[in-house]
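Engineer: Line by line, the protein sequences give chains A and B. Under the numbering used here, the residue at position 212 of the first sequence is numbered 234, and the numbers go up by one with no gaps. Under the numbering used here, the residue at position 76 of the second sequence is numbered 98, and the numbers go up by one with no gaps.
What the hints contain is simulated information worked out from the structure, not anything from laboratory work. Take these hints with a grain of salt, some might be off.
Each pair may be met inside one copy or between any two copies, as identical chains are not told apart.
[Stated by the list, open to error] Pairs of lysine to any residue residues, derived as SDA-like cross-links and limited to a Cα-Cα distance of at most 20 Å, are as follows:
{"id": "1", "residue 1": "K94", "residue 2": "A71"}
{"id": "2", "residue 1": "K180", "residue 2": "P265"}
{"id": "3", "residue 1": "K267", "residue 2": "T46"}
{"id": "4", "residue 1": "K180", "residue 2": "E65"}
{"id": "5", "residue 1": "K94", "residue 2": "D56"}
{"id": "6", "residue 1": "K40", "residue 2": "I176"}
{"id": "7", "residue 1": "K40", "residue 2": "L268"}
{"id": "8", "residue 1": "K267", "residue 2": "G202"}
{"id": "9", "residue 1": "K94", "residue 2": "S166"}
{"id": "10", "residue 1": "K267", "residue 2": "G96"}
{"id": "11", "residue 1": "K94", "residue 2": "P189"}
{"id": "12", "residue 1": "K220", "residue 2": "E76"}
{"id": "13", "residue 1": "K94", "residue 2": "V243"}
{"id": "14", "residue 1": "K40", "residue 2": "Y203"}
{"id": "15", "residue 1": "K206", "residue 2": "R118"}
{"id": "16", "residue 1": "K241", "residue 2": "G223"}
{"id": "17", "residue 1": "K206", "residue 2": "S49"}
{"id": "18", "residue 1": "K40", "residue 2": "Y196"}
{"id": "19", "residue 1": "K220", "residue 2": "Q242"}
{"id": "20", "residue 1": "K241", "residue 2": "D143"}
{"id": "21", "residue 1": "K241", "residue 2": "L214"}
{"id": "22", "residue 1": "K267", "residue 2": "V99"}
{"id": "23", "residue 1": "K206", "residue 2": "R50"}
{"id": "24", "residue 1": "K94", "residue 2": "V248"}
It should be emphasised that the depicted structure is a prediction, and the values quoted were computed from it without experimental measurement.
2 protein chains.
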Amino acid sequence: MIGIVAGVGPYAGLDLLKKILSQTVASRDQDHLDIASLSQPEEIADRTAFLLGETTVNPAYAMTNQLLRLQKMGASVAGIPCNTAHAPAIFGRIQRGLEEAGSQIRLLNMIVEVGYALQRDTPAVNCIGVLSTLGTAVTAVYPSILEPLGFEVITPEKRLLEDAIQPAIYDPVYGIKACGYATKTARDKLMLGVQHLKEAGAQAIVLGCTEIPLAIRDKQVAGLIVIDPTLILARALIFAVNPQKLATQ
Amino acid sequence: MIGIVAGVGPYAGLDLLKKILSQTVASRDQDHLDIASLSQPEEIADRTAFLLGETTVNPAYAMTNQLLRLQKMGASVAGIPCNTAHAPAIFGRIQRGLEEAGSQIRLLNMIVEVGYALQRDTPAVNCIGVLSTLGTAVTAVYPSILEPLGFEVITPEKRLLEDAIQPAIYDPVYGIKACGYATKTARDKLMLGVQHLKEAGAQAIVLGCTEIPLAIRDKQVAGLIVIDPTLILARALIFAVNPQKLATQ
Chain A
23 MIGIVAGVGP YAGLDLLKKI LSQTVASRDQ DHLDIASLSQ PEEIADRTAF
73 LLGETTVNPA YAMTNQLLRL QKMGASVAGI PCNTAHAPAI FGRIQRGLEE
123 AGSQIRLLNM IVEVGYALQR DTPAVNCIGV LSTLGTAVTA VYPSILEPLG
173 FEVITPEKRL LEDAIQPAIY DPVYGIKACG YATKTARDKL MLGVQHLKEA
223 GAQAIVLGCT EIPLAIRDKQ VAGLIVIDPT LILARALIFA VNPQKLATQ
Chain B
23 MIGIVAGVGP YAGLDLLKKI LSQTVASRDQ DHLDIASLSQ PEEIADRTAF
73 LLGETTVNPA YAMTNQLLRL QKMGASVAGI PCNTAHAPAI FGRIQRGLEE
123 AGSQIRLLNM IVEVGYALQR DTPAVNCIGV LSTLGTAVTA VYPSILEPLG
173 FEVITPEKRL LEDAIQPAIY DPVYGIKACG YATKTARDKL MLGVQHLKEA
223 GAQAIVLGCT EIPLAIRDKQ VAGLIVIDPT LILARALIFA VNPQKLATQ
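Here chain A stands alone, though its shape is the one from the complex:
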């Protein structure tokens, strides 16, 4: 059974579930894989707020508990559809928490899976632009994993992150987390980031926050290859439980 820590955020959890279904070879209900999706967002503090020091509560503890609940439900492999949760201060704490609890659940690392997918599927791409929250950017979530694999990683400069990308995700009126879909304002702000990364030399754009795929749905944007970590995680989860069920790309 696949387990999903679905509350980070709830629409990202929904998007991951949707992508697991769409990437599964199935022609009847009964052909689909077993999936437990647990959304308990209230007890998980905002990941970016923790990384920026705005709260001292590490959201790792709540996510670890939810992973243990998913294991109890029968999940043998699990994913967390939140890039910011993959910052070492959070993801490392989750991994240690699972070890301390003697857990057997296999937690996939979405960022590592993105690295593997880039090497496998787009060998000609070297310079990767990452659109993300401030938390993911300042803790170098993507560079710390992709640079050792030989990729050059660029992120928008801090002012652009603060004025455009972060509000596209978080604004309580037009942000994707509040609306559950991409408003025109959110999309326009994200496109500023795409243009900036393109001008800086990016050949591909990683949608480095799981809310961004709700705004950028095509395989290319502004002529650049789009890399969707949620889709890559969905495929990796299917492959982990039953490779024969993985649809061709």
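Position chain B against the provided structure of chain A, taking the given hints into account.
Structural biologist: For chain B alone, kept in the frame of chain A given last:
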């Protein structure tokens, strides 16, 4: 916590989850309700096949076990996004199974909720057309609940159900269960049913199979009011756990 028996079918479970999120008052991840969605489709026999006598395995037993698992996860209220599962031979067996297990989970009846919603929201409507699987139609799932509430219920004649509605849902090539979205063929076949029900005097159309809302998304179709049981169940589940979180319609 809301529990969802999400494997009947998996795309209907996804649609219910999506509608719970969209009907919740929330501007941050943490504002959303706790939801456990358990999709274990393989162990649940096809509901229509059971009702038509093509299998003797009552899918009620597997669904009862899944409800007990959801309760163990913390769910206090639950829903099953499958109209056919609400046929008395199945739903009654689930209710008895929960009683026998001493379960405290509050299982909502989606069809009863549709009846309440019709009385509350569309008091001028009397004649209801129901688009559904053969299993839902032959076991009179909707008439048995809506007629005692004073509604007239009409369903497409059997040949139309067999030649158009059932394949729109189940066909392994173009059916909604196989594709996870509504192909043009599936939509065209469902529209034959809508036209038939309109000519027979229906004032509103109940999308009486949880795959149909993937094809008919508007609030009106062919001039008739569209009643989406998945949306009604989503709102009833939110209301059951936290009325203040229910968005205005």
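Engineer: Taking the hints in turn, state whether each one holds.
Structural biologist: Status of each hint after checking the structure:
Taking the shortest alpha-carbon separations for K94 and A71, neither the intra-copy value of 30 Å nor the inter-copy value of 32 Å comes in at or below 20 Å. Proximity of K180 to P265 under the C-alpha cut-off of 20 Å is found in neither arrangement, the shortest distances being 40 Å within a copy and 41 Å between copies. Only within a single protomer do K267 and T46 lie at most 20 Å apart by alpha-carbon distance; the minimum there is 5 Å, versus 34 Å between protomers. For the homomeric pair K180 and E65, neither the shortest alpha-carbon distance inside one copy (29 Å) nor that between copies (50 Å) is at most 20 Å.
Taking CA atoms no more than 20 Å apart as the test, K94 paired with D56 passes in both settings, with 14 Å inside one copy and 17 Å between copies. In this assembly of identical chains, K40 and I176 lie within 20 Å of each other by CA distance neither inside one copy nor across copies; the values are 29 Å within and 34 Å between. Taking CA atoms no more than 20 Å apart as the test, K40 paired with L268 passes inside one copy only; the shortest distance there is 14 Å, against 24 Å between copies. For a Cα distance limit of 20 Å, the shortest separation of K267 from G202 across copies, 15 Å, qualifies, whereas the shortest one inside one copy, 29 Å, does not.
In this assembly of identical chains, K94 and S166 lie within 20 Å of each other by CA distance neither inside one copy nor across copies; the values are 32 Å within and 39 Å between. With identical chains, the CA atoms of K267 and G96 are at most 20 Å apart within one copy only, with a shortest distance of 19 Å there and 30 Å across copies. Within a single copy, K94 and P189 get their C-alpha atoms no closer than 37 Å, and across copies no closer than 38 Å, so neither meets the 20 Å cut-off. For the identical chains of this complex, K220 and E76 are neighbours neither inside a copy (32 Å) nor across copies (58 Å), given an alpha-carbon limit of 20 Å.
In the homo-oligomer, the alpha carbons of K94 and V243 never lie at most 20 Å apart, since the shortest distance is 41 Å inside one protomer and 44 Å across protomers. Proximity of K40 and Y203 under a CA criterion of 20 Å is satisfied in both settings, with 15 Å inside one chain copy and 11 Å between copies. Taking CA atoms no more than 20 Å apart as the test, K206 paired with R118 passes in neither setting, with 41 Å inside one copy and 50 Å between copies. With identical chains, the CA atoms of K241 and G223 are at most 20 Å apart within one copy only, with a shortest distance of 18 Å there and 46 Å across copies.
For the homomeric pair K206 and S49, the shortest alpha-carbon distance between copies (17 Å) is at most 20 Å, but the shortest distance inside one copy (36 Å) is not. When the C-alpha separation of K40 and Y196 is checked against a cutoff of 20 Å, the pair qualifies only between copies, where the shortest distance is 19 Å, while the shortest distance within a copy is 23 Å. Taking the shortest Cα distances, K220 and Q242 sit within 20 Å of each other inside one copy (12 Å), while across copies they are farther apart (43 Å). In the homo-oligomer, the alpha carbons of K241 and D143 lie at most 20 Å apart inside one protomer (13 Å), although the nearest pairing across protomers, at 42 Å, exceeds that limit.
Proximity of K241 to L214 under the C-alpha cut-off of 20 Å is restricted to the intra-copy arrangement: shortest distance 18 Å within a copy versus 35 Å between copies. Taking the shortest Cα distances, K267 and V99 sit within 20 Å of each other inside one copy (15 Å), while across copies they are farther apart (32 Å). In the homo-oligomer, the alpha carbons of K206 and R50 lie at most 20 Å apart only across protomers (19 Å), although the nearest pairing inside one protomer, at 37 Å, exceeds that limit. Taking CA atoms no more than 20 Å apart as the test, K94 paired with V248 passes in neither setting, with 36 Å inside one copy and 40 Å between copies.
Of the numbered hints stated above, those contradicted by the structure are hints 1, 2, 4, 6, 9, 11, 12, 13, 15 and 24, listed in ascending order.
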